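**Q** Both chains are sitting in their own frames, so use the hints and assemble them into the complex.
Those sequence lines, one after another, are chains S and Y.
Per the UniProt record's numbering, the first sequence runs over residues 1 to 170.
Per the UniProt record's numbering, the second sequence runs over residues 1 to 540.
Don't read these hints as lab results, they were simulated from the structure.
Take these hints with a grain of salt, some might be off.
[Said to hold, decoys possible] Quick list of in silico lysine-lysine cross-link-like pairs, DSS-like style, CA-CA up to 27 Å:
no.	chain 1	residue 1	chain 2	residue 2
1	S	LYS7	Y	LYS363
2	S	LYS144	S	LYS114
3	S	LYS3	Y	LYS363
[To be verified] If the Cβ cut is set under 10 Å, some of the chain S residues that face chain Y in the computed set are:
no.	residue
4	PHE41
5	VAL80
6	TRP115
7	SER135
Predicted model, so just to flag it, every value in this text is computed and none were measured.
Don't be surprised by glycine CBs; every beta carbon is placed ideally from N, CA and C.
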Amino acid sequence: MNKILSKIARVGIVTETFKPLTDPELDRLGAELKAVLDRRFAGSLAIRQVDAGSCNACELEIAALGNPFYDVERYGIHFVASPRHADVLMVTGPVSRHMQAALLATWEATPEPKWLVAVGKCAADGGEFGVNYASCGAVSNVLKVDAVIPGCPPTPTDLVRGLLSLISRR
Amino acid sequence: MSADKTAAGEANFVGAERLTTMLQSLGTPGFRPEAFQAGCVGPALLCPISPDDWAIAAETAAAQGCRWAAGWGDTQGERWVVNALLERSGDYLLLRTSFPPGRNELPSQAPHFPGAARPERHTQDLLGLHFTGHPDGRRWVRHQAWDERAFPLRPGAPLAGHPLPLTPPDRHYPFASAHGDEVNEIPVGPVHAGIIEPGHFRFLAVGETVLNLEERLGYVHKGIEKLAEGRDPESLARLAGRVSGDTAVGHAWAACQAMERAAGVEPPERALWLRTIFAERERIGNHLNDIGAICNDTAFAFGYYQFSRLRELWLRDNLRWFGHRLLMDRIVPGGVAADLSEAAAAAMPAAIAGLRYELGELKPILDEGSIFQDRVVGAGVLPDRVARELGCLGYVARACGIGHDVRERAPHAPYDRLAVKAVLRGDGDVAARLYVRYGELLASLEILEECLRRIVPGPLRAVWAPASENAEGLGLVEGWRGEIASYVRFDGTGHIARFFPRDPSVFNWPALEKLILGNIVPDFPLCNKSVNGSYSGHDL
Numbered sequence: 001m002n003k004i005l006s007k008i009a010r011v012g013i014v015t016e017t018f019k020p021l022t023d024p025e026l027d028r029l030g031a032e033l034k035a036v037l038d039r040r041f042a043g044s045l046a047i048r049q050v051d052a053g054s055c056n057a058c059e060l061e062i063a064a065l066g067n068p069f070y071d072v073e074r075y076g077i078h079f080v081a082s083p084r085h086a087d088v089l090m091v092t093g094p095v096s097r098h099m100q101a102a103l104l105a106t107w108e109a110t111p112e113p114k115w116l117v118a119v120g121k122c123a124a125d126g127g128e129f130g131v132n133y134a135s136c137g138a139v140s141n142v143l144k145v146d147a148v149i150p151g152c153p154p155t156p157t158d159l160v161r162g163l164l165s166l167i168s169r170r
Numbered sequence: 001m002s003a004d005k006t007a008a009g010e011a012n013f014v015g016a017e018r019l020t021t022m023l024q025s026l027g028t029p030g031f032r033p034e035a036f037q038a039g040c041v042g043p044a045l046l047c048p049i050s051p052d053d054w055a056i057a058a059e060t061a062a063a064q065g066c067r068w069a070a071g072w073g074d075t076q077g078e079r080w081v082v083n084a085l086l087e088r089s090g091d092y093l094l095l096r097t098s099f100p101p102g103r104n105e106l107p108s109q110a111p112h113f114p115g116a117a118r119p120e121r122h123t124q125d126l127l128g129l130h131f132t133g134h135p136d137g138r139r140w141v142r143h144q145a146w147d148e149r150a151f152p153l154r155p156g157a158p159l160a161g162h163p164l165p166l167t168p169p170d171r172h173y174p175f176a177s178a179h180g181d182e183v184n185e186i187p188v189g190p191v192h193a194g195i196i197e198p199g200h201f202r203f204l205a206v207g208e209t210v211l212n213l214e215e216r217l218g219y220v221h222k223g224i225e226k227l228a229e230g231r232d233p234e235s236l237a238r239l240a241g242r243v244s245g246d247t248a249v250g251h252a253w254a255a256c257q258a259m260e261r262a263a264g265v266e267p268p269e270r271a272l273w274l275r276t277i278f279a280e281r282e283r284i285g286n287h288l289n290d291i292g293a294i295c296n297d298t299a300f301a302f303g304y305y306q307f308s309r310l311r312e313l314w315l316r317d318n319l320r321w322f323g324h325r326l327l328m329d330r331i332v333p334g335g336v337a338a339d340l341s342e343a344a345a346a347a348m349p350a351a352i353a354g355l356r357y358e359l360g361e362l363k364p365i366l367d368e369g370s371i372f373q374d375r376v377v378g379a380g381v382l383p384d385r386v387a388r389e390l391g392c393l394g395y396v397a398r399a400c401g402i403g404h405d406v407r408e409r410a411p412h413a414p415y416d417r418l419a420v421k422a423v424l425r426g427d428g429d430v431a432a433r434l435y436v437r438y439g440e441l442l443a444s445l446e447i448l449e450e451c452l453r454r455i456v457p458g459p460l461r462a463v464w465a466p467a468s469e470n471a472e473g474l475g476l477v478e479g480w481r482g483e484i485a486s487y488v489r490f491d492g493t494g495h496i497a498r499f500f501p502r503d504p505s506v507f508n509w510p511a512l513e514k515l516i517l518g519n520i521v522p523d524f525p526l527c528n529k530s531v532n533g534s535y536s537g538h539d540l
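If we strip away everything but chain Y, and leave its shape as in the complex, we get (with noise of 0.2 Å):
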């Protein structure tokens, strides 16, 4: 991390000379000069372009070594207006299109960044915005739950819709097939067979060896876009709060930081020492009950034993100190409702301490479990080339060797003032995932121990100021699972006029269909625990 970065804060934009060099190697023919009229929101610097240049700005982009972080539509009067997230070495770029009505489409970015694939899909689904040159036209997010020509999006959409009183299922949705003799097809989902949420998965295999995997997400579509206009803050919070319920502190805390960057409240200090304890508590959380669960889909029932436990004990402590097991609601516009008590403060260094002895203790034991190892190690190999093409996220990022994390690339306060180092490894397969969350485990408890030292008294929440109309910002943090990318936009009373929440999962369930490949179906459930993806983050 630059010095010029920590220097300049949440207020200014976050490395500015380095993006204006970035633009610089944009500037290739394809982009117009009044491209570079360049704004800011949030921490990205904002990059108007031309519709007909969308296409050949992602090309330059891809070409720079870019990475495609978040694209969603939004209007604008009449008016269509697209965005597309770029980031680069921590910097991000906010490509920004606009066009009247009349025009539904613009070309897609998915040929050049083939993440943007299932973003664009579901941008077409709700807002009826055509993307040409799609290298796959199939709807994606919408199944039967709303007409072909209806936009639940749009402007003057009702929320309610037109709901059939039945909404019937999806079932002729045009997978991909294989034909000869040897191929079976195994449909599985969208009830799946434990406590988990739904979506639907069709395996091509060849005896056990899968050929091919297609995901079938969207079922647990809520509406999530639509029932955030109009929101006032606080229940903007709220809301975030349950896009995924393992994420809360993660999408609350980047929604909260769009909307103060919207507005132009700051957090007091001691709330933003508060918000990473509860973040790094909702990671530990997390990768304790991930690797528990990847030790039982192993049947190494002690794994499975001690990780649940440590994580019971975890969430019972945050019950105790912060008043929620999974920390729901503690973080609000302009700070956050729940204080470290003396009493917490006294009693969480033991705490610490104590899971960093029993993390010691059980590390060996897995190193040396001969069974154990010979499930992880090398089932479920994700290829860097791959995961870099897809641009995925956190842990499944990490484990091929891609270093991003916000905290340490692109940090706002308070990890500006915290040494953050990514946690890597090589192999890309389940076991470098596991071990990933391990490292971070361990990397979490230094920054908890470090947040208690530096924490400092004062108030927990700053007096809220309306954001004015068409104020926007962007809320960036590292959830448990990655980067998350909150878009907040406030109407003229100060009320939400477009929120769009982009969980890391949108880039690491593509990964899941590649890296299942010429693995053995009964591996199916290790490798997906591996990665974790959350449905409810991706749906909306």
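Just chain S, with the same shape it has in the complex (with noise of 0.2 Å):
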């Protein structure tokens, strides 16, 4: 027990302050997005992650938003097991047609008001695999899409940014 609470105290709290939030133009965001949550999500925002077909890189990047360099949940964002909880679905990969019954099911689960973003290059426009007899390519060949985060795979970076966006134009 002392070598674990040596350790603790020797690294102490690495959780950043986000860098782009010391950007005015994100600094905005994040106060808009503080006042979407607040209003719209009591303070909070659920997301469902959805691996329609990916190669898996992007849920890499996505469970690296709960390591602690970026502790997402400080910022009322947090991953949930049940679209039944979920406000959003986090959609990757290309929809390949095996996922597509299952992603239908998924959405049609979550509780309105709900959105779903689209994640990564494949969940953008197909990316290296398109559309072919075992993929049905963009998750907006399948459903609406509110919010693309591109990037192949998007960093954890490009995910709150995104998410950020997402949030404070609505």
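**A** The following block contains the structure:
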């Protein structure tokens, strides 16, 4: 236990003041984010992530949002286990045809009001995979998309910035 | 590693003498003499055999202690060509058979190599080749996206296929079932509760105890083999880097190695060292991630915090020094697309030393954390016999004492000049898989230091020489999950005619079905994370 306490004390808190937020433009977005979250979602935004056919790179970067450097929960953003608890579906990958029905059912299970964010190049435009016998391509070929966060994969910074812009323009 | 293997290099057969010996031992009744007109595909000795001998070849190879490493179908003009890659003691043998179009079936090798069962079903679904005597006749990667009479990989099948506006869910797959008042059936997925890939698990449980687990994968099948057809080498490398996004380096390297062997292109020395740096950095990043995630699955928040912090620092260095956090598209045909700057070479040793120091601090904390140890020790035990039968790879196999590591057993440049020793444990449980990874972290840090000492100045990329028609190559690299095998055949225009990437997950996924038996359902996430199979790399 001493080792743990000593390690905790020496490492300290590494959570970063998110650099883009020092940008006046993003400061404004951050304030808007807070205002929108407070007004529409009682101060918190619940996200259900759905991999609809990705190569798993986008998942790694989305999962990194939970590491102590980004710790997005401090913005009121948290990832939930069920679409029933979600305000936002964050969808990655080209939509494989084998995931098409599951994605639609997941969207159906998400209560209104709800948004759909397509994350990564494949979700945005089909990426390396496009439309073929096994792939529906872009998420927008299957469902209406409210926002797109591009990148292959988007970095955690890109993801936070994308979420800020989604929420602040609503 | 034998000295002759080093001297032989990549241009010649790896360990040709030993392979000859192996062939002699394989030359038992059932093999016809013409079967031994040996050629070579990449580092594997080619052994063409008659389709009628396909099953007995497997039986003989299994009896000789060979591992079934990969299997895929192909077509050459009108004819079928079917391949099975075998490995023993680091030597690779490619069994190949060929037969005319009228015959659409081949004896199954799965009765002799259980690990061949799913790959044969994959071939059956995509090419329509029927394996007779297969222990499990159900479809596998095909759900409902294409008709059971349509075979997307057959020549002339359109890439677009004939999709319905809405692909129906795969509701009627015949899962194994059990009857009895005490047995509960628990379906999970394809959409999972975490930030992970999709797949379906069907548990049969008595109380909390798992009686049977059946995996249903194929949800992220996105047509990678078909998409590869007609690509140029550069765009194939990009596609290969996305077979499994956490193995961008491993798959791109294997595909480029296959293409380079087919085209006779030698990457320059500096590029080989850089590829090694990328591959070892990828291994370290993923092992840090998974150790953190295993801690998280035992509610050991401290461990998750520390290991995910170390991973993030590591990825930031990837971005700063090589331009991409996951090192995608850094390996290109003929070489690499990112250099080691003087600044990076100067800064990396401190980062390596820093990580080693922190790992040294964290190890005793994991060792002494009694609640953590209670969860990982004895959980999800994979018997070594089962691991061998299935042909398990990477840390899953090494945690059962099975020492196959391409870097040690069948090293390509520059690993043939590095002293890589596979990290082994014997218990086969979650703890063993975790500690194998911990050992591999330290070993990879040493390899990185060696790379920094030995990297030479020079060009980053060789001039590409288009491969001739039907030139083929096999890439074999040790990805962070284990051996990756990648097969490439060129068409007459320097483009890709066939690409088949085989991720180690293909053999580790079935192991999960075995190691979970008798464990409790709540330990499934922990057991699953300790294996961490790739869905995308499996489904293709």
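**Q** Just to be careful, I want the Cα atoms of LYS144 of chain S and LYS114 of chain S compared with a cutoff of 27 Å; is the pair within it?
**A** 11 Å, holds
**Q** A closest beta-carbon separation below 10 Å is what the hint needs, so does VAL80 of chain S meet it against chain Y?
**A** 9 Å, holds
**Q** Given the hinted pair LYS3 of chain S and LYS363 of chain Y, is their Cα-Cα distance within 27 Å?
**A** 11 Å, holds
**Q** Does SER135 of chain S meet its interface restraint, that is, does its C-beta lie within less than 10 Å of any C-beta in chain Y?
**A** 4 Å, holds
**Q** Given the hint that LYS7 of chain S pairs with LYS363 of chain Y, test it: the Cα-Cα distance must not exceed 27 Å.
**A** Since the Cα atoms of LYS7 of chain S and LYS363 of chain Y sit roughly 12 Å apart, the hinted pair holds (cutoff 27 Å).
**Q** Mind checking the CB of PHE41 of chain S against every CB in chain Y and telling me if the closest is under 10 Å?
**A** The hint is violated - PHE41 of chain S has no Cβ within 10 Å of chain Y, the shortest such distance being about 20 Å.
**Q** Any CB of chain Y closer than 10 Å to the CB of TRP115 of chain S?
**A** At 18 Å from the nearest chain Y Cβ, TRP115 of chain S fails the 10 Å test, so the hint is violated.
Checked against the numbered hints above, the structure breaks hints 4, 6 and satisfies the rest.
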